[in-house]
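Chemist: Put together the whole structure using the sequences plus the hints.
423 is the number that this note's numbering gives the last residue of the sequence shown; the numbers go up by one with no jumps.
Treat the hints with care, since some could be wrong.
[To be verified] Taking CB as the label site, the calculated pair distances span:
1) Glu377 to Ser169: 42 to 52 Å
2) Ser208 to His240: 35 to 45 Å
3) Pro206 to Gly174: 22 to 32 Å
4) Glu377 to Val202: 47 to 57 Å
5) Glu363 to Gly323: 29 to 39 Å
6) Arg406 to Arg355: 52 to 62 Å
7) Gly257 to Ser169: 44 to 54 Å
Everything labelled a hint here was simulated from the structure, so no lab data went into it. Don't be surprised by glycine CBs; every beta carbon is placed ideally from N, CA and C.
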Amino acid sequence: MQLDGLALELQRSIDYLSSQLKGVALHQLKVCCDDEDHTQLVAALNERLNVKASPLSEEQQPPLSGQVLAHYLPLMTRPTLNFYPRHLHPKTDHFSLRNVIVALSGVTLVMLAVAGFYAYQTTQLDQQVALAQQQTDRLNQQLAELQQQQAKHRPSAGKVAAIERIKRQIAGQQASLSAMDQFTHSQQEGYSGIMNALASVAHRDISLTHIEISPNRLDIQGLATEAKVIPYWIGKFKQQTPLVGRNFERLTMGRNEQDLVTFELKTQQGAR
Numbered sequence: 152m153q154l155d156g157l158a159l160e161l162q163r164s165i166d167y168l169s170s171q172l173k174g175v176a177l178h179q180l181k182v183c184c185d186d187e188d189h190t191q192l193v194a195a196l197n198e199r200l201n202v203k204a205s206p207l208s209e210e211q212q213p214p215l216s217g218q219v220l221a222h223y224l225p226l227m228t229r230p231t232l233n234f235y236p237r238h239l240h241p242k243t244d245h246f247s248l249r250n251v252i253v254a255l256s257g258v259t260l261v262m263l264a265v266a267g268f269y270a271y272q273t274t275q276l277d278q279q280v281a282l283a284q285q286q287t288d289r290l291n292q293q294l295a296e297l298q299q300q301q302a303k304h305r306p307s308a309g310k311v312a313a314i315e316r317i318k319r320q321i322a323g324q325q326a327s328l329s330a331m332d333q334f335t336h337s338q339q340e341g342y343s344g345i346m347n348a349l350a351s352v353a354h355r356d357i358s359l360t361h362i363e364i365s366p367n368r369l370d371i372q373g374l375a376t377e378a379k380v381i382p383y384w385i386g387k388f389k390q391q392t393p394l395v396g397r398n399f400e401r402l403t404m405g406r407n408e409q410d411l412v413t414f415e416l417k418t419q420q421g422a423r
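Modeler: Take a look at the structure:
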């Protein structure tokens, strides 16, 4: 049984060497086995192998295998057989969990930075609105004082003209204040709200690469590990008020060179 197993392993090794040595056929097997009868071993191998086996040395007292190896090893100038070909090397997995986590972390940081930028703009606008409100309050106070003077004394033409100028200034300040309030609410409910809503519906299998926002458009591009997670992710938009009511005209999906699913979500023309 041990000899049969040895013969089977030798035959497998011979077949592998034959496949590696292109254009060269193996017909002979030289045997050198310490403490064994080489004649009986060669005869048994010839019965089981498809190549001819013969002793490595014809001497009555063959040398030990270690001596033979020590003799022939210095004569080998270069390896003639590659036992570890390239197709057996482990393949590098670029789409690993670590890479996905790094990518998602980067996207999250970008989204947080954009949200912080819009929050900073909103703060600046709030300060401008507060300053305009203070100016309006001062003008209203001046108007009240002039109106009191008008009630006590017959107004002169100069005072009447001054009152009209102050009224026009107040009207202009109020118009500016109203425009700033509308812009502030648009910023808070628009871009910043949309970015916060997208961050709230973030999915571990989806990575956004491009976001285009305007008053009437919201176009999104990104990557996904699987195509089936994209409709599920879009369905979660109904849970976010800034995303509710946005109609998307087209959803385009494909694959890139890294075999990742790419998608592009376009807002319908004229949609909110």
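Chemist: Now tell me, hint by hint, if it's right for this structure.
Modeler: Tested hints:
At about 44 Å, the beta-carbon gap between Glu377 and Ser169 stays in the expected band of 42 to 52 Å. Against the hinted window of 35 to 45 Å, the Cβ-Cβ separation of Ser208 and His240 comes to about 38 Å, which satisfies the hint. The hinted window of 22 to 32 Å between Pro206 and Gly174 holds, with their beta carbons roughly 28 Å apart. In this structure the supplied range 47 to 57 Å holds for Glu377 paired with Val202, their Cβ-Cβ distance being about 52 Å.
About 35 Å separates the C-beta atoms of Glu363 and Gly323, a value consistent with the hinted range of 29 to 39 Å. For Arg406 paired with Arg355, a C-beta distance near 19 Å fails the hint of 52 to 62 Å. Separation of Gly257 from Ser169 is about 51 Å and conforms to the stated range, judged on CB atoms against 44 to 54 Å.
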